[in-house]
Amino acid sequence: AQSVTQLGSHVSVSEGALVLLRCNYSSSVPPYLFWYVQYPNQGLQLLLKYTTGATLVKGINGFEAEFKKSETSFHLTKPSAHMSDAAEYFCAVSDRGNAGNMLTFGGGTRLMVKP
Amino acid sequence: DVKVTQSSRYLVKRTGEKVFLECVQDMDHENMFWYRQDPGLGLRLIYFSYDVKMKEKGDIPEGYSVSREKKERFSLILESASTNQTSMYLCASRLAGSHGTQYFGPGTRLLVL
Numbered sequence: 001a002q003s004v005t006q007l008g009s010h011v012s013v014s015e016g017a018l019v020l021l022r023c024n025y026s027s028s029v030p031p032y033l034f035w036y037v038q039y040p041n042q043g044l045q046l047l048l049k050y051t052t053g054a055t056l057v058k059g060i061n062g063f064e065a066e067f068k069k070s071e072t073s074f075h076l077t078k079p080s081a082h083m084s085d086a087a088e089y090f091c092a093v094s095d096r097g098n099a100g101n102m103l104t105f106g107g108g109t110r111l112m113v114k115p
Numbered sequence: 116d117v118k119v120t121q122s123s124r125y126l127v128k129r130t131g132e133k134v135f136l137e138c139v140q141d142m143d144h145e146n147m148f149w150y151r152q153d154p155g156l157g158l159r160l161i162y163f164s165y166d167v168k169m170k171e172k173g174d175i176p177e178g179y180s181v182s183r184e185k186k187e188r189f190s191l192i193l194e195s196a197s198t199n200q201t202s203m204y205l206c207a208s209r210l211a212g213s214h215g216t217q218y219f220g221p222g223t224r225l226l227v228l
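Chain order of the listed sequences is A and B. Per the working numbering, the first sequence starts with residue 1, numbered consecutively. Per the working numbering, the second sequence starts with residue 116, numbered consecutively.
Please note that a few of the clues may not be correct.
As the list claims (entries may be wrong) - Capping the alpha-carbon separation at 30 Å, the derived lysine-lysine pairs in BS3-like fashion look like this: (1) Lys-186/B - Lys-49/A; (2) Lys-172/B - Lys-49/A; (3) Lys-128/B - Lys-168/B; (4) Lys-49/A - Lys-128/B; (5) Lys-49/A - Lys-170/B; (6) Lys-49/A - Lys-68/A; (7) Lys-118/B - Lys-58/A; (8) Lys-170/B - Lys-185/B.
Think of the hints as simulated: they come from the structure by calculation, not from any bench.
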């Protein structure tokens, strides 16, 4: 079964600093990869996804993630944090070729942005 | 615009009560899902439905059941609520055959006393 590890349940950065949220997955076959964001008291919203093609994926709100097969990683970055980025971020994967395409989620990382 | 709605944002119930959580999507999606979200555990799949009247158990189905009588509506039922079912419940929907992208509702925070 797939597993997803997000290193760091809480990450704190200063406004304007680089955001780096880490995600590693366990799979011998590269899966589909997703990052979702959850703002306070809201559901999850898709930030970006990787299915095929270019390994650097750009998403909404200036976020991007790079799929690195050799490292089984899909880390999320943003060059300059904004106060509005404070939220919880979830990495998720689903198997290729799996008719169900079920999502397996990591434990989440809460991003705090200091003024 | 994609829309998934859940009947309640907050719910307080007593142990032993039967609880219904409703989810409605307006996107004509075939697939629907129920998750629970707990701190540090991420989202865990309770049940899912590929289409009307179809249901499959997820990773943690014990103590829950579901109903999908209409395509747009997916209900989660707690037959006899217990305190360990206090959690945030999230509903999602997805177009069949897509690359896994799911659209989520705002969630229902359930407290069982």
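Do the hints match the structure? See the list:
1. Lys-186/B - Lys-49/A: holds (26 Å)
2. Lys-172/B - Lys-49/A: At roughly 26 Å apart (the allowed maximum being 30 Å), Lys-49/A and Lys-172/B satisfy the hint.
3. Lys-128/B - Lys-168/B: holds (27 Å)
4. Lys-49/A - Lys-128/B: This hinted pair is violated, its Cα atoms lying about 37 Å apart.
5. Lys-49/A - Lys-170/B: holds (27 Å)
6. Lys-49/A - Lys-68/A: holds (14 Å)
7. Lys-118/B - Lys-58/A: holds (24 Å)
8. Lys-170/B - Lys-185/B: holds (12 Å)
Checked against the numbered hints given earlier, the structure breaks only hint 4 and satisfies all the rest.
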